[in-house]
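Work out the full structure: start from the sequences and follow the hints.
2 protein chains.
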Amino acid sequence: MTAIEDLIRLLKHLPGMGEKSASRLAYHLIRTDSSFNKALGSAIMEIQDRIHPCPICGCYTEDELCSYCSSPDRDNSLLCVVEQPQDVLSISSSGAYNGLFHVLGGAIDPLSGIGPDSLSFPQLMKRIDEGGFKEIIIATNPTEEGDTTALYIRHLLKDREGIAITRLASGLPIGGDLGYADKLTLARSMRGRVRI
Amino acid sequence: MTAIEDLIRLLKHLPGMGEKSASRLAYHLIRTDSSFNKALGSAIMEIQDRIHPCPICGCYTEDELCSYCSSPDRDNSLLCVVEQPQDVLSISSSGAYNGLFHVLGGAIDPLSGIGPDSLSFPQLMKRIDEGGFKEIIIATNPTEEGDTTALYIRHLLKDREGIAITRLASGLPIGGDLGYADKLTLARSMRGRVRI
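Each protein sequence line maps, in turn, to chains X and B.
To convert, take the position in the first sequence, counting from 1, and add 721; that gives our numbering.
To convert, take the position in the second sequence, counting from 1, and add 721; that gives our numbering.
In case anyone wonders, no lab produced these hints; they're calculated from the structure.
These numbers come from a predicted model, not from an experiment.
Backbone N, C-alpha and C fix where the C-beta goes; we use that ideal spot for every residue, glycine too.
Heads up, a few of these hints could be off.
Stated by the list, open to error - Under the rule of at most 27 Å between Cα atoms (straight-line distance), these lysine-lysine pairs were calculated in the DSS-like manner: (1) X:855 <-> X:879; (2) X:741 <-> B:904; (3) X:741 <-> X:759; (4) X:741 <-> B:759; (5) X:733 <-> B:759; (6) X:759 <-> B:759; (7) B:759 <-> B:741; (8) B:759 <-> B:733; (9) B:741 <-> X:759; (10) B:879 <-> B:847; (11) B:904 <-> B:879; (12) B:741 <-> X:904; (13) X:904 <-> X:855; (14) B:741 <-> X:733; (15) B:733 <-> X:759; (16) X:741 <-> B:741; (17) B:733 <-> X:733; (18) B:733 <-> X:741.
What the hints assert, rightly or not - Here are some chain X residues the structure puts well away from chain B; computed CB gaps all over 10 Å: (19) 817; (20) 881; (21) 898.
And the structure:
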């Protein structure tokens, strides 16, 4: 196997990459600036050695604690529960949230063998027990699995007094078009309609 | 900038990769098997050091000459002229050609500043002078630039006796659908219709 075939074979393992796109990408890398390839190659090789999950919230960090858990400027009365570490970045970069995070590591999905035991609920409950949180914002995905997980968290927290439990609003995406919205999204945005 | 942001920034430079897909790919790499990342990273870092253009035909090789130019089993009366090194792999893997190749390094495209001087026409003419080729198959892309390049090669070779000059057939792609074919392709396939 030649060096190019070898590179194409590896690139084909990336998500969404077929034979043609892997080959196009390989030839693109061949023509590209060699310092870029060195930087990209070493970033890929080193990424897993450079980061680890934050022991408190579970999002990725290079330091002992992540930038959210260690920041004195964030509102520590708010806790946003997400499925995956990348969701932390998405929500934090929306600019609409300044509280703390908790990464579950997925959503409850019995068909894929992911039960509550596979997720970081004990750590979540421990944080809530210790934390003095006023609001738990459940930001799991608006999917069946995400909804199940949200209901499960509400069930876990049903006896806690003084903690508001909320869920991200579902509805039409901004800039979207009614004609392209699916029925479920449209139904949710109708049920969740707000007074203007 | 964190290690993840750094990786996303580099991935975003790849063709067809936006902010979202770069971020999704980065988190995929974080979760993936670390030996895969080591293999992919080093393949990307080393690719340009491991290969170089074949001094005869211009396609990429790891050896002194490429596998086509050095093979005793290929028909050295046929020469297929292509634009890019990756076209060699495409044609060779179609299984319909067993001759030699010549890589031009692009197509004539005055609007992008690529004139005949930027391409390997002198090497092509030298090979044809020395080569004893019976047929030159022009396999440039079926685009305006590819057509211009094909006409230019025909012009260069107009005084050569005994060398057939051919061009890859254009027409409907196999498995295609008339309804989805563009007008130009349909017109070409009509003009180039064959008796059955």
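How the hints compare with the structure:
no.: 1; hint: X:855 <-> X:879; in the structure: holds (14 Å)
no.: 2; hint: X:741 <-> B:904; in the structure: holds (25 Å)
no.: 3; hint: X:741 <-> X:759; in the structure: holds (24 Å)
no.: 4; hint: X:741 <-> B:759; in the structure: holds (23 Å)
no.: 5; hint: X:733 <-> B:759; in the structure: holds (15 Å)
no.: 6; hint: X:759 <-> B:759; in the structure: holds (13 Å)
no.: 7; hint: B:759 <-> B:741; in the structure: holds (24 Å)
no.: 8; hint: B:759 <-> B:733; in the structure: holds (20 Å)
no.: 9; hint: B:741 <-> X:759; in the structure: holds (23 Å)
no.: 10; hint: B:879 <-> B:847; in the structure: holds (15 Å)
no.: 11; hint: B:904 <-> B:879; in the structure: violated (31 Å)
no.: 12; hint: B:741 <-> X:904; in the structure: holds (25 Å)
no.: 13; hint: X:904 <-> X:855; in the structure: violated (34 Å)
no.: 14; hint: B:741 <-> X:733; in the structure: holds (19 Å)
no.: 15; hint: B:733 <-> X:759; in the structure: holds (15 Å)
no.: 16; hint: X:741 <-> B:741; in the structure: holds (21 Å)
no.: 17; hint: B:733 <-> X:733; in the structure: holds (18 Å)
no.: 18; hint: B:733 <-> X:741; in the structure: holds (19 Å)
no.: 19; hint: 817; in the structure: holds (18 Å)
no.: 20; hint: 881; in the structure: holds (32 Å)
no.: 21; hint: 898; in the structure: holds (19 Å)
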